[in-house]
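Visitor: Count the sequence shown with the numbering used here and you get residues 351 to 1463, in order.
FYI, nobody ran anything at the bench for these hints, they're computed from the structure. Please note that the accuracy of each hint is not assured.
In silico EDC-like cross-links for lysine to aspartate or glutamate, where the CA-CA straight-line distance does not exceed 16 angstroms [as the list claims (entries may be wrong)]:
id: 1; residue 1: K750; residue 2: E1114
id: 2; residue 1: K584; residue 2: D555
id: 3; residue 1: K1289; residue 2: E607
id: 4; residue 1: K1086; residue 2: D794
id: 5; residue 1: K839; residue 2: D555
id: 6; residue 1: K1289; residue 2: E603
id: 7; residue 1: K647; residue 2: E1231
id: 8; residue 1: K647; residue 2: E1242
id: 9; residue 1: K814; residue 2: E1072
Label pairs and their calculated CB-CB ranges [as the list claims (entries may be wrong)]:
id: 10; residue 1: G533; residue 2: S1431; range: 28 to 34 angstroms
id: 11; residue 1: D945; residue 2: Q1251; range: 35 to 41 angstroms
id: 12; residue 1: Q1251; residue 2: D1199; range: 46 to 52 angstroms
id: 13; residue 1: D945; residue 2: L1246; range: 58 to 64 angstroms
Since we're looking at a predicted model, the values are computed, not measured. Think of the CB as a built atom: it goes at the ideal place given N, C-alpha and C, for glycine as much as any other residue.
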Amino acid sequence: MLYMIFFIVPNICLDLMAKRKEGNFFSPGNAKRPRQEELDDFDKDGDEDECTVSFTNGTSTLTAAEVGIIESIQLRNFMCHSMLGPFKFGSNVNFVVGNNGSGKSAVLTALIVGLGGKAVATNRGSSLKGFVKDGQNSADISITLRNRGDDAYRASVYGDSIIVQQHISMDGSRSYKLKSETGALVSTRKEELIGILDHFNIQVDNPVSVLTQEMSKQFLQSKNEGDKYKFFMKATQLEQMKEDYSYIMETKERTKEQINQGEERLTELKRQCLEKEERFQSIAGLSTMKTNLEYLKHEMAWAVVNEIEKQLNAIRDNIKIGEDRAARLERKTEEQQVRLNEAEKKYKDIQDKLEKISQETNARAPECMALKADLTSKKRAYNEAEVLYNHSLNEYRALKKDDEQLCKRIEELRKSADQSLEPERLERQKKISWLKERVKVLQDQESSVNQEIEQFQQAVEKDKEEHTRIKREELDVKNTLNYNQRQLKELKDSKTDRLKRFGPHVPALLEAIDDAYRRGHFTYKPVGPLGACIHLRDTELALAIESCLKGLLQAYCCHNHADERVLQALMKRFYSPGTSRPQIIVSEFRNEVYDVRHRAAYHPEFPTVLTALEIDNAVVTNSLIDMRSIETVLLIKNNSVARAVMQSQKPPKNCREAFTADGDQVFAGRYYSSEYTRPKFLSRDVDSEISDLENEVENKKAQISNLQQHLSALEKDIKHNEELLRRCQLHYKELKMKIRRSISEIRELENIEEHQSVDIATLEDEAQENKIKMKMVEKNMEQQKENMEHFKSLKIEAENKYDAIKQKINQLSELADPLKDELNLADSEVDNQKRGKQHYEDKQKEHLDTLNKKKRELDMKEKELEEKMSQARQICPERIEVKKSASILDKEINRLRQKIQAEHASHGDREEIMRQYQEARETYLDLDNKVRTLKRFIKLLEEIMTHRYKTYQQFRRCLTLRCKLYFDNLLSQRAYCGKMNFDHKNETLTISVQPGEGNKAAFNDMKALSGGERSFSTVCFILSLWSIAESPFRCLDEFDVYMDMVNRRIAVDMILKMADSQRFRQFILLTPQSMSSLPASKLIRILRMSDPERGQTTLPFRPVSQGEEEDRG
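Generate coordinates for the entire structure from the input sequences, incorporating the hints supplied.
Guide: Shown next, in the form of structure tokens:
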């Protein structure tokens, strides 16, 4: 199969190609391959026609080619060659000679690839990456094309030469660089290369211009006459022209179908247009109502402006009144400040007076204390002297009484001195001995009974103490049981309503708050309970956070004191007097959380209460920060770690305290254990809590039962011991009575015996000694009395001094008491004035907030007025006087719109009908215009197609006839005869060649020829095609293969003769022959390739088919 590179066809073929490329009539997306049956109309057998062809063997005088020929080529890392070239080609005939493997075919392959050809077109590989030399990352091809004369391509940019450089990577991709004659880079786009090739009429995929050895062999061995015909059609571009004609015929048929569809559509559109026109004519009566509606809209626009202006005036009046009131409140506040200053001054004066009195009292206090101490010592000395005197007096009186008794006894003894009482004495002595023995026995019994009483008393006391302890423990357990039962009930209720955890009345209270807020009783809706508004990030910290926040979890937040009073009133309905109510925190509601970063505690391991909570409401966060400083409290789960952090080292910055997971509170120097064991409000596992509480309730009940049994046993023991104690005490009393009676009887008996045994003389001596003692005691008593009187005088003096200074201090106290009352009154006055000032400040702030709100409303109304005036001017540029209100105008507009809508309901909207009419009319006219245009186009296309079909047939007949004549002429130069039969209907080409005398031998098919004859016939056929086709250069690879020396010489002469007649074209011939026999000529250039390196064999490429994978790029 012949494989030529480029050809040039006559002007009519160029016209058809230009028509195909410009795409004036059809888009590329609609292109289809021509059908065979459509081509039959074009193919009429016209081998015998009037076309004449002139053939000239004379030498041409044309000059050398100026555009499109190859000046040089250079290869690097291409195929198996590290570097080839650069090869400088002549402008006419170039022979590339060299042994096999020297790189001749590599040059031809590089020419195809370098000018944009695909890898499969070279028959030496299926992918570009196969052309990169083994062991290298890329290959480069550089081709220089001539660009001179009038037909030069962008001569001002490229100059006399165009350098095409291609870079091929290992992955099969390639890139282009198009440079000027000077080497300056002009473009890297493949489209620029395609434009250059089109301008020079270079087609690298056309086998007529470049014939490789492999393709020549395939062509010579081909037995299919249809393949030869296709080769001829493709080489002469008749195949492309045929496809263009077929595509045009298909498009023409499709266009006719579109015209038929358009005509059907035109009929429908015309009917619709007439219907729309009739409806449009029927609704002309709505114009008056719409005009009136527009005028009402104008009035409405300015009526809205008038009403906003009235509202603005009212707001301005309110602002003026508010500013006057603000001034009055300012004066009131200033007056209140003056009164407050006066009250504070009065308070300060009284406080100064009291301070002066206090200082004076404090100054006298040391003297008073000294005098009091002196008085105390004087009183003590006087009391001691008085005691001594009283002791002496008592002693004297006792001695005097004894003296009287002695005298009386002596007198009695003197009267009974002579009587004998010895028997009675002995009886009394015996009885005394018996009584003493009895007393001893009774005392032993008393001691034993007393021990028993002590034992019983200790037992009773111990049992009573145990009873009291058990009773107290029972009460504690009962309280715990009641608390757990209440908590259990709350937990069970909270399963259906979580809010009941915070109290049984909380859901009802929250409903009452919602109702009061809807009624407008609150400025802002109170927030609470706070525990319901927070969520834990770590459930293990629930008890710690509850221990920290405590009652704040049940607290509520109010925006101001007015809201607090309303909430207090609501709480009275649900909390009976005497019961504790939730705390109410009054703090202004803010939407932003306080910025506490500068004062918050921080620890890399432990969170604060603030960071451990998720709080969606800024009011709740701010309230907890205000009331509990939660940003400064750390949460540390482990108790020992908490002690270490807070006490064993310096606490973290800004940290005041910490709480553990057990609820224990840890300060820097103190540690308090929690009284709670489980969280009440923040626990999430309600079922587990209920289960634990139920178990604990049962345990408490069992504990109470045990305690009650113990109490009952103790009460029985106490009762029994008390009975025994009572009996012992009665026995003890009886023994006491018996002992006292016996001792009394003993004393009486002893006194009787003593009186009888005393000697009168002894009594007289005793009486004399007693008198002496009385005199001594009397003298001592007188001395003691003098001392007592002396100390008494000293005491009276000290009392007088102390009373004097005490009186002065009392006088100062009497002066201070009314001042204290005055100070209390002054303090109350200061508090009253402060409350009054705060009241006016609150009133002023509230009033200023209202005033600022009015001013903002004024600004908004002014902006609204500007917008409404702008809108009104857009509706009606001139302001009109409107006497009706906007509401009345709105009603009139609605009534008029209803009338218009009623009309529209019966006839339709005028604008919509008019729009539909215009659209229908425009659609009809547009389609009518398109149909007319397409009809004109079809008519013109049919004329053009008829003309061009005749031209195509004539052109085909001319080319076939010229090819036959050139082929016969070239064969005759060696006395061969040949024949070419074209069957355009069946698309076949039959070539017959007969060596020797044509008249003597029959024609044979080319496959019957020898190798040399077949090669010579192939050269003749190629030269015939060269004679009827145009291209800047022609290439043949090993054109003389299978030729003997005679045929080779004849073929070379024929090629040189044609080259001489076509000096404006370039010929590149590859052959392994030395070509040493060629005549010397400046038009002939021989390029000799170096012998291949030792060990190099044939290249590892194989011929590939068109179906194999194409290269990238």
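Visitor: For which of the previously enumerated hints does the structure constitute a violation, in increasing order of number?
Guide: 5, 11
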